[in-house]
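Each protein sequence line maps, in turn, to chains A and B.
First residue of the first sequence: 1, per our numbering; consecutive thereafter.
First residue of the second sequence: 122, per our numbering; consecutive thereafter.
Think of the hints as simulated: they come from the structure by calculation, not from any bench.
It is possible that part of the hints are untrue.
Some but not every residue of chain B turned toward chain A, in silico, with C-beta under 7 Å [to be verified]:
#1 LYS171
#2 ASN172
#3 LEU174
#4 THR175
#5 ARG213
Below, a sample of chain B positions facing chain A; criterion: calculated Cβ distance under 8 Å [as the list claims (entries may be wrong)]:
#6 HIS168
#7 PRO173
#8 VAL176
#9 LYS178
#10 THR179
#11 PHE181
#12 GLN182
#13 TYR183
#14 LYS188
#15 ILE200
#16 GLU204
Label-pair restraints from in silico Cβ distances [stated by the list, open to error]:
#17 LEU113(A) x ALA326(B): 56 to 64 Å
#18 HIS249(B) x VAL61(A): 16 to 24 Å
#19 VAL298(B) x ASP44(A): 52 to 60 Å
#20 GLY98(A) x SER164(B): 23 to 31 Å
#21 CYS371(B) x PRO59(A): 16 to 24 Å
#22 ARG203(B) x VAL61(A): 20 to 28 Å
#23 LYS110(A) x ASP245(B): 39 to 47 Å
#24 TYR184(B) x PRO59(A): 42 to 50 Å
#25 LYS187(B) x GLY98(A): 33 to 41 Å
#26 GLN206(B) x GLY98(A): 34 to 42 Å
#27 GLN76(A) x ARG236(B): 56 to 64 Å
#28 ASN45(A) x GLN233(B): 51 to 59 Å
#29 GLN252(B) x ASP44(A): 33 to 41 Å
#30 GLN76(A) x SER297(B): 31 to 39 Å
All values derive from a computational prediction rather than experimental measurement.
Using N, Cα and C, we set each Cβ at its ideal position, and we do this for glycine too.
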Amino acid sequence: MSQSNKVLICDDEEGIRESLKLILSDHYELILTDNGEGAIACLDNNKTIGLVLLDVKMPKVNGLDILKAIKEKHPQMNVIMVTGYKLVETASEAAKLGAVGYIVKPFEAKEILEAVRKNLK
Amino acid sequence: MTYSILKYQTFKKNPEEIALQNKALRQEVAQSEKFNAMATLASGLAHEIKNPLTVLKTFFQYYPKKKDDPQFLKKFNQITGRELQRIEDLVRDLMDFAKPEPPVFKPVDIHQVIRETIDLVQNDIDKHNIQLNLPLTCDRLSLTADKNQLKQALLNIILNAIEVMPEGGTLTVGTSVERKKGANVNSSLPHSLLITIKDTGQGIAKENLKHIFEPFFTKKDRGTSLGLAITQGIIEKHGGKIKVESQVSCGTCFIITIPLKRNYT
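In isolation and in its complexed conformation, chain B is listed as follows (with noise of 0.2 Å):
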């Protein structure tokens, strides 16, 4: 009923009154998910910051009753500075989703930011007994990019896979071109850099899938919960996509694709 009503309705305007009609519900429906987007992200933030915020308020209400007991202070250094240190990386990491500095583009050879990746973690492979596979297309692929910004993207999805292995199991960090065929039938053309991460760990539950690149969303036991979303800003200023791949007890697998000629604005 109420549908035959609209439609009639509808009918009655003229193009340019449904043209207006149809912008300003566009616009409604744009401003509504950006402040639904706002809520989420406030309501994330307000609940990372309460933990550390939980332990500092405690540990400084006891420091004027407990400031004698060594074993008190002991605690006290360690654990109110590494919570310090976590809204710190928390407001970093929020800074670097909210206003990521501008890319700076030039030639990098993909290879070596793969394996300056991996050595700022290497540590924390070897202690995890974890073992890593580098299936490199060739020696040298150059593309266009931030090399940093790169390395971040990188760096927050290798961590992950790091922190789903602890005791141990295989990483894969693997690059591939794709190629796109060209005028003559037999030639192709590089097209897109095509870089995967895979680990072995518990991987991820399917209805969990579709929000592991939401601000704040995590089943993880440390970090800010803002390393995917960077990752996927980052790709996408970069012409990318990513997009991910799990299986329960089976483990994870993310899949970036980057354009390899692009004009970058």
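With the rest of the complex left out, here is chain A (with noise of 0.2 Å):
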């Protein structure tokens, strides 16, 4: 199976959005979320998303909630966390609930660049 070359982008915060939209746009197709319920129905309806990269922090269902329903819909997808908080704590419930990283803010663009050509299916 070839490599996807679309990423999910899921964040509540328009700035955010947009800022992971500038750093990957000229290399990945993008399809950009602000909310858990909007992340999971775009993993349903399209397959060839190889990557999540997915706000801890959101009003409604926080992002740790939203991993933990889409790997029991989605349990070979890749999930990358991204988080203002660095806490140890919620980085090893995300890794214990199947994310593949932890980025925290204010992130670099090389590191975001890095972590998706690593993890994109």
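Hints in hand, dock the two standalone chains.
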């Protein structure tokens, strides 16, 4: 199976979505959503997505709950958590739930590019 | 075992020694609480700044490469301006919270304060198809307060209420007077003013309710997460109290009580 070129970005803040778009859009095809339900719907309807960049702190359903739901429905999907909190508990919880990476804001463009390149399926 | 040893040691000391020891312990607890509060504040502040900082950093980093792209420039102006404003709002709110202006107490008509506060957000109320109810107790109700600070306190709650009803709902801002029984059994004296602000939004989960006046505690999409902490500070400076009742899926009600006669210092 060939490698996907499609990345799903899920963050409630437009500024962060646009920043990730700025970093990644020259290299990858992107789908942007501002909430967890939208992320799951995108994954259900688009089988060619190869990676999810998921915010941890979101207002309605938090990123860890969304991660859990994604892994239940799409166990093979790679998910990288993006967060403002550098907490060992959150990072270890994310790893336990199956996240492949954990990026702390403020991030560097090269850090994002490297993480996506490594984990895109 | 440990308990009995401590108890034995305590009994062996004289009352002055025990008092001194208790005082030292109280100071230690107060100091530790102060450090915890500072740690929470610093961590919240860092988190609130990280998002706009990330956005600004990325957009400025890509500016030299993309500055000739009109679509990028449009986004650059729109997004960096907004994120800078966010940091400015945060710094202003933090200053209001940490070192608030001393209140200037004057007689004010609370109903006028409420109406003027509503005027500030009338456009948002209309935009979200929110029905407004104003069950105000009578035409004019005077109390001694800092008008601008009181407006700020009410505005923070009303803005939250609007935000939790994006698809419409009912916002009720009401007043009533609590009366205290007078010397004569049949008479009663106006004692406190009660302001209730109620929304029909999604409500707040029980486990979050006790934290909502803490700085940087938020489940909201927007704002600096200091609004309710500032509101609580203002109400307390007016000698009042604020409490909140909420039911998930039904809505939230803030109840403010301010004494009508009080010598403010």
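Name the hints, by number, that the structure is in violation of. Per hint list: 5, 11, 14, 17, 24 and 30 violated.
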